[in-house]
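Spelled out from the first residue to the last, the chains are:
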Amino acid sequence: MSLSPKTGPRLGGRPLLVAGFGSLLLLMLLAGGYALRTLEQVRTSDLEERNHHLRRDRALDRVRTGIFQSAIIMRDYLLALDEKTAAAQIERFAETRGQTDRALAECAALIDPTESAALHELQSELQLYWKLLEFISQIPAENRQVRGSEYLSKQVRQHRAELIQMADQVDAISARQMAASDARLKETFGRLRGRLTLIVALALGVGLLLAGFTIWRTLRLERELEQRYREGLDAQQELKELSARLVSAQEEERRSISRELHDEVGQSLSALLMEAGNAAAHVPPDATHVRQHVDSIKKLAEASVNIIRNMTLLLRPSMLDDFGLVPALEWQAREVSKRTGIRVQVTAADSAGELPDALRTCIYRVVQEALHNCARHAQARSVRVVVHQEDSKIVLSVEDDGRGFDARRVRGLGLVGMEERVRHLGGAFHVRSTPGAGTKVDVELPLAS
Amino acid sequence: MTRILLADDHTVMRNGLRLLLERQPDLKVVGEASDGRQAVDLAAAENPDVVIMDIAMPQLNGVEATRQIVNRNPAAAVVILSMHKDESYVIRSLKAGARAYLLKDSAEADLIAAIGAITEGKSFFSPAVRSLLKEDYMHQLEELGAEDSYELLTNREREVLQLVAEGKSNKQVAALLNLSLYTVETHRNHILQKLNLHSAPELILYAVRKGIIS
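Residue numbers (my numbering), protein chains in the order written: chain A, 1 to 449; chain B, 1 to 214.
What the hints contain is simulated information worked out from the structure, not anything from laboratory work.
Hints are supplied without guarantee of correctness; some may be wrong.
Taking lysine-lysine and the DSS-like style, the derived pairs with C-alpha atoms no more than 30 Å apart in a straight line are [claimed, not checked]:
{"hint": "1", "chain 1": "B", "residue 1": "Lys95", "chain 2": "A", "residue 2": "Lys338"}
{"hint": "2", "chain 1": "A", "residue 1": "Lys338", "chain 2": "B", "residue 2": "Lys210"}
{"hint": "3", "chain 1": "B", "residue 1": "Lys194", "chain 2": "A", "residue 2": "Lys338"}
Bear in mind that the values here come from a model prediction, so they are computed numbers and not experimental data.
So that you can see chain A by itself, here it is in the shape it has in the complex:
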């Protein structure tokens, strides 16, 4: 399987996820900002509108009060007994008039321009009303009481009723304006709700999409990972089998080369040696030259036989196949003793001789490697090799009195190779060693396999 279709979606997925989550966040941020802004707007415009309404109402109230009050002032003026009181009333009238005008102006400023027609009417009517009242002040003092009262009750009362009606109309306008503003607010709220609903729905949709994509992607990655893991395991297993096959092929090769060397080359050389002897028997006594050559041939053949013998034993000792494990181990022990001076003691149960080939070879090679380590690294003086049978397993231990090593840290190729051999036959392999306290290799091999 090629790698590109696997890496493709992974590279494409990441920007997609980032963009998706980014836009989701942005959407939420926008929605939040918009909602906050709108709410703030609504709050301020509502407050303003209510404030205006209140001020309009108050101003109109003041206008109404002014209308009544000015009429009362003018009646008081008519009823005044002396000029001084009359003049004070005129002054009060002017003051009230000013206040009322200001109140109406304030009201006009707060009213919607489209509704200002009614207000203008009210304003001009008020001016007329003022003029009517002013006229009273111009009535001569002597018939002030009679004509003034009549004028007041006829002209002014009627006019005042109209004015009040107009003021009520303005009041209605103000109320309408208030209601319109409420309607506007309601509409703004409705719009806000609609937009928020849309955004939330959109966010939910994008979120669901993202969640789906994320789950799909996670599952896919998980599957991929699992597959990789399985592939890794398979490869490891394959490698192990391969190395085991390699080991057994090597062993088989050694066995056949050893046998070939011994049975063919060795025997031929032995025959050659003997034939040389036979030839020597026919050499005339005075042919010293020929005899020398024959002797030289014999010496060469003898040396070659020795070389072949050593080679075959080193490759694979023939006693391992001819007589079994114990003689081979004993031979190995003797060889190591002779070569290195290390005392090697082999204790093996006779039953250990009847082992299947694979077990026998495994134990022999493990012991060989362990003894090799003893001689090469451990500086041991003596080694004990023990092989015995326990229930349905063969137990081997090789223990030396050498300088040891840190078994947790050092793991030479030799140890790894030994362990590999043992594990392949389903056995257990342990090395116990502490610096200065020797090394012990323990092996347990099941017999059933």
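Mind docking chain B on chain A? Use the hints.
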């Protein structure tokens, strides 16, 4: 006339041996076997005085063939002629009933002498094998720090050991030493006990290792 059976899977080897042996006027090769099974069959058919046997042979190896031949005819004198120069082969051959062990590279020099020795009931080993066994014995003694059990034997027992190892029968030993047969048997048992040995081949092997016989 000594009748000889050759057992070796190499024709060249057998031819060479035949040439070597038949240069002697009193030796005659009566059969040639190219594997162990054939050797057993021919030994039964020809009843030779001496069998010269290789170890590495197809079908049945030389050690097993020797065991079968000696089982059938305890008087058969088997000379092992092998490439193998290790104690395990020598000991197993002797235990199987062989009386001489020669290395192929010294066949030409020693074979005639070996045949002479075993027809007289003695054992014979190639000098290289002899020194190997001796060396290993000394090495073992040294290693185990054990006392040489030979020191435990009395002078009389040493005399008996040597004669037995040389292939003499109890009767011959009794006659030579002027002792009763019963006394010789007692000596012999004591020797085996003291040396921790169990059979005649082991006794012979011991004697070789000690250098008592050659």
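Against the structure, the hints come out as follows:
no., hint, result
1, Lys95/B - Lys338/A, "25 Å, holds"
2, Lys338/A - Lys210/B, "19 Å, holds"
3, Lys194/B - Lys338/A, "28 Å, holds"
Going down the numbered hints, you'll see the structure goes against none, and every one checks out.
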